[in-house]
Every structure is written in C-alpha cells, then in structure tokens.
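Residue numbers (full-length UniProt numbering), protein chains in the order written: chain A, 1 to 130; chain B, 1 to 130; chain C, 1 to 104; chain D, 1 to 104.
Think of the hints as simulated: they come from the structure by calculation, not from any bench. Please note that a few of the clues may not be correct.
[What the hints assert, rightly or not] The calculated lysine-lysine pairs, modelled on BS3-like cross-linking and capped at a C-alpha distance of 25 Å, are:
1. C:K99 - A:K95
2. D:K33 - B:K15
3. C:K71 - C:K17
4. C:K52 - A:K95
5. B:K88 - A:K7
6. C:K89 - A:K95
7. A:K88 - B:K95
8. B:K7 - B:K95
9. B:K95 - D:K71
10. D:K17 - D:K89
11. A:K15 - C:K35
12. D:K99 - B:K95
13. C:K85 - C:K52
14. B:K95 - D:K17
15. C:K17 - C:K52
16. D:K71 - D:K35
17. D:K73 - D:K35
18. A:K95 - C:K70
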Amino acid sequence: MNSVNDKIELTLPFKAEYVSVARLVASGVCSRIGFDIEAIEDIKVAISEVCSKIVSIGSEIANSYTIVYDVSENALDVSYVCDDPSLKCIFDEEKDGLAINIITALMDSVVLCDKSNRIISMSKVLEGNR
Amino acid sequence: MNSVNDKIELTLPFKAEYVSVARLVASGVCSRIGFDIEAIEDIKVAISEVCSKIVSIGSEIANSYTIVYDVSENALDVSYVCDDPSLKCIFDEEKDGLAINIITALMDSVVLCDKSNRIISMSKVLEGNR
Amino acid sequence: MSEGLKFVQEELNDSVKLSLFGEVDIYTSQELKEKLYSIVDNNQTDLIIDCKELNYIDSTGLGIFVGALKKTKQYGKKIVITSLKDNIKKLFIITGLDKVFVIE
Amino acid sequence: MSEGLKFVQEELNDSVKLSLFGEVDIYTSQELKEKLYSIVDNNQTDLIIDCKELNYIDSTGLGIFVGALKKTKQYGKKIVITSLKDNIKKLFIITGLDKVFVIE
Ligand SMILES: Nc1ncnc2c1ncn2[C@@H]1O[C@H](COP(=O)(O)OP(=O)(O)O)[C@@H](O)[C@H]1O
Ligand SMILES: Nc1ncnc2c1ncn2[C@@H]1O[C@H](COP(=O)(O)OP(=O)(O)O)[C@@H](O)[C@H]1O
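Using the sequences and the hints given, assemble the complete structure.
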C-alpha cells in the first residue's frame with residue numbers, strides 16, 4: 001500500500017441498485033488524484049466487479065459493506081470490509097473467470113483473498129509513477 | 001423522519017476537494033429514489049452547502065465527518081455526524097445568511113441545530129408525496 | 001447521475017438491431033438478459049447490438065452477451081457488436097470475447 | 001466525474017466577458033475569486049459573466065459574485081450575468097440576488 005493521505009469510505013446496502021454509487025465515488029476521487037479518463041473508467045469497472053460479487057452473495061448477519069478509498073499522492077488503494085467473515089475469498093476461479101480477468105487486467109495490484117480484515121484490496125498507480 | 005429502507009454512508013476528510021463527492025453520491029442515490037433532475041440539483045446544493053460549512057470549520061480532534069443518506073420509498077433524509085461535538089450548531093444567522101436561505105428553500109425540512117447526535121439533518125420528499 | 005439502461009429495437013431485412021443506451025451493470029443486467037433472449041427466441045435472425053451510446057458494461061453484461069450468443073448459434077445465426085467505445089472494447093479484448101463475437 | 005472550473009476571457013469594446021465552465025464550489029471558489037477580482041481591478045469596465053456552461057454554484061460562489069459586484073461598483077461599473085441555467089437562476093431568486101445583479 002502507498003502512503004495514504006486521505007481516506008474516503010462508502011457504506012452500501014447489499015443491493016444491486018447502489019453499485020453505481022460506488023462508481024460515482026470512484027470517479028470523483030480519481031479525478032482529484034489526477035487519473036485520466038481511461039484510467040478512471042478502468043478503476044470504475046474493477047470496483048464495480050467486486051461490488052457486484054459482494055451484492056450477489058449478500059450477508060445473513062451484516063446489513064452493509066464498506067468500500068475504503070485510500071488516496072495517496074499518485075495512487076488509489078481500494079479495499080472492501082464487512083462485519084461478515086463469510087465474505088472472505090468470494091471469487092471462484094471457475095465461475096468468476098470473466099470478472100477475475102477484468103479486475104486483474106485493469107488494476108496494478110489485486111489481492112482477492114486478503115489475509116487481513118479486508119475482504120479484497122487492489123490499487124492503481126498514476127501513469128508515469130509506476 | 002420517514003421509514004427508512006436503505007442507509008448509505010459517506011465518510012470524507014475535512015477537505016474542500018471532496019465536497020463534490022458528496023454531490024455525486026447525492027445524484028446516484030436520488031436518481032434511484034426517482035427524484036427528477038430539478039429536485040436532484042436542489043438536493044445536491046443543500047448537501048454541498050452543509051459540507052462546505054463543515055469543511056471550512058474543520059476539526060482538531062476528528063479526521064473525518066460522515067454524511068448519512070437515509071432512503072425511504074418516497075423521500076431522502078440526509079444527516080451529518082462527526083465525533084467532534086464542537087461541530088454542533090455551526091450555522092450563524094448573520095454570517096451564513098446566503099447558505100441558510102438556500103438550504104431551507106431547497107429542502108422540505110431542515111434541522112440546523114439537531115438535539116440528537118446528528119450535527120444537522122434535512123429531508124426532501126418526492127413531488128406528489130408531499 | 002445513475003443512467004440506467006434503455007433500448008431501441010429496429011427490425012431490419014435479415015436481422016434485428018438493438019441499440020443500448022446507458023449502463024449495463026448488476027442492476028440493469030436482468031433487463032438486458034430478458035430483452036436479448038426474447039429477441040433471439042422470437043426472431044431467430046442475426047442480432048446487431050449497437051453500443052454507440054453504451055457508456056458502461058462489466059462482466060455481468062458480458063456474460064449475458066455470451067449467453068445470448070449461445071442461443072443465437074442454436075439457430076445458426078450470429079451476433080454482431082458495433083460502435084464499441086474504447087473503454088468497453090478493451091474489456092472484450094481482455095476477456096478474449098473480441099474473438100467470439102463479430103465486432104465492427 | 002468532478003468537473004472543476006475553467007474560464008474563457010474575452011475583451012469586448014466597453015466590457016470584459018468571462019465565461020465559466022464547470023462547477024463553482026468551495027474547492028474551486030478561490031480560483032473564481034482571484035479571477036473575478038483581478039479582472040475588475042485591472043480593467044475597471046463592466047463585467048459580463050456568461051454562465052451557459054456553469055453547471056453548479058452554491059453560496060460560496062454567490063458570495064464571491066457579490067464581492068466582485070461591490071468592487072465593480074467602486075469603479076461605477078456593473079456586472080451582467082447571462083445564460084443562467086434554471087437550477088442556478090433559482091438560487092439567485094431564493095437569495096434575492098436576482099435584484100442585485102443585471103441578469104439577462
Ligand atoms: N473468452 C471466452 N470465450 C468464450 N466464452 C467465454 C469466455 N470467457 C467466458 N466465457 C463464457 O462466458 C460465460 C460467463 O462467464 P463467467 O466466467 O461465468 O463469468 P461470470 O460468472 O462472472 O459471468 C460462461 O458461459 C463462460 O464459459
Ligand atoms: N440579497 C442580498 N442582496 C445583497 N447582498 C447580499 C444578499 N444576500 C447576501 N448578500 C451579501 O453577500 C455576501 C455573502 O453573503 P453571506 O450571507 O455572508 O453568505 P456566506 O458567508 O455563506 O458567503 C455578504 O456580503 C452579504 O452582505
């Protein structure tokens with residue numbers, strides 16, 4: 001993880017209709033960091049893929065999940081946290097081939113099965129700072 | 001407050017550059033509720049006015065403040081919470097005339113000095129449900 | 001603002017053209033699935049999906065395109081995808097789906 | 001996406017026209033203030049603020065317009081605000097500032 005300057009958190013219900021809100025926050029945060037439009041589109045897709053997966057599974061014990069956008073000078077780290085430990089390691093190589101392909105291609109680093117309390121974490125660095 | 005179906009929370013640092021993120025979330029949430037474009041613009045302005053005021057004051061003890069968007073079938077309730085109690089009752093009739101005017105005109109109900117743990121709360125009801 | 005998804009459907013000589021407007025994500029994907037599958041089953045012609053005004057799609061939507069393609073092939077027909085924006089064409093390339101669909 | 005704020009400045013016969021593009025909020029307001037105040041002080045002419053491409057403004061921005069107006073009046077000149085979008089014109093009406101500026 002890069003040295004973090006600002007932390008933005010978005011907490012959403014497990015509902016498909018709010019996944020687009022995670023994309024909107026991504027747009028706003030990324031344009032502040034200085035990502036170009038192409039990189040912003042990539043980040044939006046990656047964030048959305050993870051939200052879709054989380055929402056499609058849902059939770060019996062938690063009402064919401066949280067997306068943490070950690071902003072540093074030249075990078076965005078995104079991680080997902082939830083009180084429900086059953087949401088760890090939710091991506092399945094077999095069933096989620098398309099999504100895993102897309103996320104790993106679009107982001108610079110991806111941890112789909114994080115050992116910490118994060119469900120998933122991933123990051124993208126500004127072009128020219130990689 | 002209206003009976004709440006969904007709760008979306010956005011936590012932001014005390015920085016002017018992220019106030020636009022609060023507006024983006026407002027857009028996304030409000031379009032889901034079914035507000036028309038004019039109402040969405042109004043809500044964005046009101047939310048932004050409060051964020052600007054909070055950011056302009058800042059906090060010595062807290063790193064962030066949280067905007068809670070409570071979605072019910074035909075209304076949006078927005079409230080602001082922060083660990084710093086000095087952020088209560090921050091609007092000044094004298095100095096913030098323009099902002100207070102705007103917020104109270106655009107929203108259906110506004111509590112600028114909330115007695116609960118909320119800093120400020122306000123709501124807007126869908127046209128036709130008022 | 002969240003855009004949702006809208007469709008415009010045109011019956012051409014030997015094919016049906018479906019234009020997509022807005023965003024395909026997990027929220028709007030069910031509508032897309034129903035729309036595509038009903039066109040394929042009812043018409044049994046080639047299907048042209050015009051993506052000029054498609055601003056966003058993710059794996060949920062791509063998976064539905066693949067499902068529709070399988071159905072189309074049962075009838076010996078094909079799916080042609082036109083006017084993809086660069087950010088979306090990129091997803092077809094990443095997933096190898098640019099070789100599965102006819103992309104124009 | 002966050003749009004930020006951009007300016008285009010034109011020197012006309014007896015006035016300066018400043019076109020605003022994007023959003024005026026607490027983040028971009030300092031730029032607006034510096035721009036407006038420097039135009040007013042350097043030119044001492046009427047100022048036309050074109051808001052055709054201004055998508056958003058709040059009290060921070062309106063307060064700056066008022067500050068610029070006070071400066072302009074010191075030089076015996078006026079500010080004309082043109083092409084306001086409906087949602088923004090509404091804010092001028094709410095605050096009574098529609099009677100303070102010349103709005104066209
Ligand atoms: N490159 C490919 N070529 C052909 N079919 C593919 C390709 N990638 C995925 N598919 C098919 O697309 C469908 C959906 O993909 P899948 O990996 O299950 O993603 P998801 O479950 O996230 O929608 C599956 O039927 C899969 O076989
Ligand atoms: N209707 C009005 N007509 C003229 N000036 C106004 C009006 N409303 C506010 N102002 C002036 O605009 C400036 C900024 O307004 P203010 O109420 O201080 O808002 P804020 O502090 O939130 O920017 C002040 O100088 C105030 O006197």
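Each hint tested on the structure:
1. C:K99 - A:K95: Status holds; Cα separation ~20 Å.
2. D:K33 - B:K15: Between K33 of chain D and K15 of chain B the Cα gap is close to 19 Å, so the pair holds against 25 Å.
3. C:K71 - C:K17: holds (16 Å)
4. C:K52 - A:K95: Outside the cut-off at roughly 29 Å; violated.
5. B:K88 - A:K7: holds (23 Å)
6. C:K89 - A:K95: Holds, at roughly 22 Å.
7. A:K88 - B:K95: With a Cα-Cα distance of about 50 Å, the restraint between K88 of chain A and K95 of chain B is violated, given a limit of 25 Å.
8. B:K7 - B:K95: violated (32 Å)
9. B:K95 - D:K71: holds (20 Å)
10. D:K17 - D:K89: Status holds; Cα separation ~19 Å.
11. A:K15 - C:K35: Distance ~22 Å between K15 of chain A and K35 of chain C Cα, so the pair holds.
12. D:K99 - B:K95: With Cα atoms ~20 Å apart, K99 of chain D and K95 of chain B stay inside 25 Å; holds.
13. C:K85 - C:K52: holds (7 Å)
14. B:K95 - D:K17: It is violated: about 30 Å lies between the C-alpha atoms, which goes past 25 Å.
15. C:K17 - C:K52: At roughly 12 Å apart (the allowed maximum being 25 Å), K52 of chain C and K17 of chain C satisfy the hint.
16. D:K71 - D:K35: Holds, at roughly 13 Å.
17. D:K73 - D:K35: holds (17 Å)
18. A:K95 - C:K70: Status holds; Cα separation ~17 Å.
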